[in-house]
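From first to last, the protein sequence lines stand for chains A and B. So for the first sequence, the working numbering puts the first residue at 1; every next one is plus one. So for the second sequence, the working numbering puts the first residue at 1001; every next one is plus one.
FYI, nobody ran anything at the bench for these hints, they're computed from the structure. A hint or two may mislead.
Said to hold, decoys possible - As a list, the in silico SDA-like pairs of lysine to any residue whose alpha-carbon atoms are at most 20 Å apart:
hint, chain 1, residue 1, chain 2, residue 2
1, A, 10, A, 229
2, A, 104, B, 1141
3, A, 104, B, 1191
4, A, 147, B, 1169
5, A, 147, B, 1206
6, B, 1128, B, 1141
7, A, 273, A, 29
Predicted, not measured: the structure shown is a model, and the values here were computed from it.
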Amino acid sequence: MPANTENTTKMAPGRAAAVEALRDVARVPGSPKPDPILVADQVSRQFGGLKAVDVTHVEIQRGAITALIGPNGAGKTTLFNLLTGFDNPDTGEWTFNKTPVAGKAPYRLARMGMVRTFQLTKALSRMTVMDNMLLGASGQSGERVFKALLPFTWKAQERANTERAMELLGRFNLDAKIDDFAGSLSGGQRKLLEMARALMVGPEIVMLDEPMAGVNPALTQSLLGHIKNIREEGTTVLFVEHDMDMVHDISDWVIVMAQGQIIAEGPPDAVMKDPQVIEAYLGSRHGSALTADGASLTADSQGGTT
Amino acid sequence: MDIGQVFTLTITQAFGVTALIYLFAAIGLNIQFGYTGLLNFGQVAFVAAGAYAVGVIVLTFDLSLWLSIVVALITSTLLALLLGIPTLRLRADYLAIVTIAASELLRLLVRSIAFKDVFGGAQGLNGKLGQEFHDLNPLPVDFTLPLLSWSRQDLWVVIVGWCLALLFTLFVWGLVRSPWGRVVKGIREDEDAVVSLGKNVFVYKLQALIIGGGIAAFGGILWAVAKQSVQPDTFQPDFTFFVFTILLLGGAARVFGPIVGTVIFWFLLAGFGEVLSSLINNGYIAFLTPTDVGSIRFMLMGLGLMLLMIFRPQGIFGDRRELALDAR
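Here chain A stands alone, though its shape is the one from the complex:
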């Protein structure tokens, strides 16, 4: 298997460190990680009679890119919503940097360094790209209503934030668009903007909900590059995705969900050969129109075994 025999010295340092750290982690659901940033226990959420999420134990390794995959309706986005405080679980405890955070308001979690994006991109349409970015900056004194009317108390901070935003927008190739309304950007550019805006907060972990959904293939590669860069700068990435090829390309660790539970964990190569995973994907997709992913999955697994 090429990925396992690959010399770690050839990889980018962040990736090498993540691969090295995860080398000896057991490939079973809920396996303990050497340095987890996020640990969740017994998290469950029921919608009517349907148990959307029922996760016994999961740990997310710091400094790695972890992919959360699974067929439609597996509970990936619901788990995301629960962990980030946007939805309340029926049961469950979880810690972020060893601090218990269950039940905390979502904005508090964001301030602590756990920042998410959304499946349906939430660009603030009638605001400029720059305003979108500046909104991300944390600890702004000008956001207090009493200081807002005294520009001299926040102008310096605003300048510093604008500089940082310019630097980030430059990296995401949006620096020519700063004065455009975010609503005038293309779908892919909005994804980039949302990602850049999340980084403006200065997060320790970014949680991307389907970052590739609705992005044209030409932009996909650059988006992948940006996600890799986020890890190289020491930020942990957790993302939900459908596209197996993309997961294979960038993730250091893959967690597979089906019917609300975690059914497999491991490095991408190992997980994609796991018969349970293949069954979960194909089993749930037989007879549906979404056969393309299933087909590419079987092709991958055959390619691996021959």
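Given chain A's structure and the hints, the job is docking chain B onto it.
This is chain B only, laid out in the frame that chain A set:
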């Protein structure tokens, strides 16, 4: 018919006391609805809170007008907290329902027999309201304007009112170009996105409701002081809808939107009325009587609004580009 007189009367109303009352409510609503996206359908309650604070403190308790202004602001803040705390965590529609219900509730409360001693029941509070304010009038006693038909007392109210309105407009301008303004505009666009960036959205919405309500309360204070009368049935829900009309006419989320909207709204409303009355009185329109004018001018106003929404949906000052984005 006397075109000069029609024009004079129209201008007098477009910039007059009643227009000013609506203007304050509209400036407040612009912060709440225009910038923050709060569907406050009970703006009239804040105006009533301001007017009744003056009426009760000055007439019922026989205390100073200046104290009543402080009480008006405290009352409107309490009202905003009362309306906002239970509803602002929920979806936008809940605030709309609760505010419209609360504004009617408040009106029925102040006109009830039970509180007649304090609020004056259906007759309201009438008497020497705002004497301290009128005593400060620097205009000469026999002062008359060459063209406009304001009395000396009204002119004093109008001058102070417009200065205050410009001051509040400046205040809004300062707020919305600050990082605070950026957050509330973000909330209008997408609340969850702003939450995900670590902002306590609930507090910002509450602040917007309080500030907008406070400015609207000044409309009520002005009402009590200028008209020397506070009557419950003038605070009907249609007041709020006229304020929304004014805001959309001028362009929501525009600093000068409320001013432009108010002047145009009252110019058209008064203009239709004056022209119609003078046509009827001079026998040009035989099938109408002067008493019909009141309702017909609102019909014409409605027609005008429909035309505006069709041909310039973003309002006079709005930016069509922004409106196009909204539809996506």
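Looking at the structure, which of the earlier hints fail to hold?
-> The structure breaks only hint 2.
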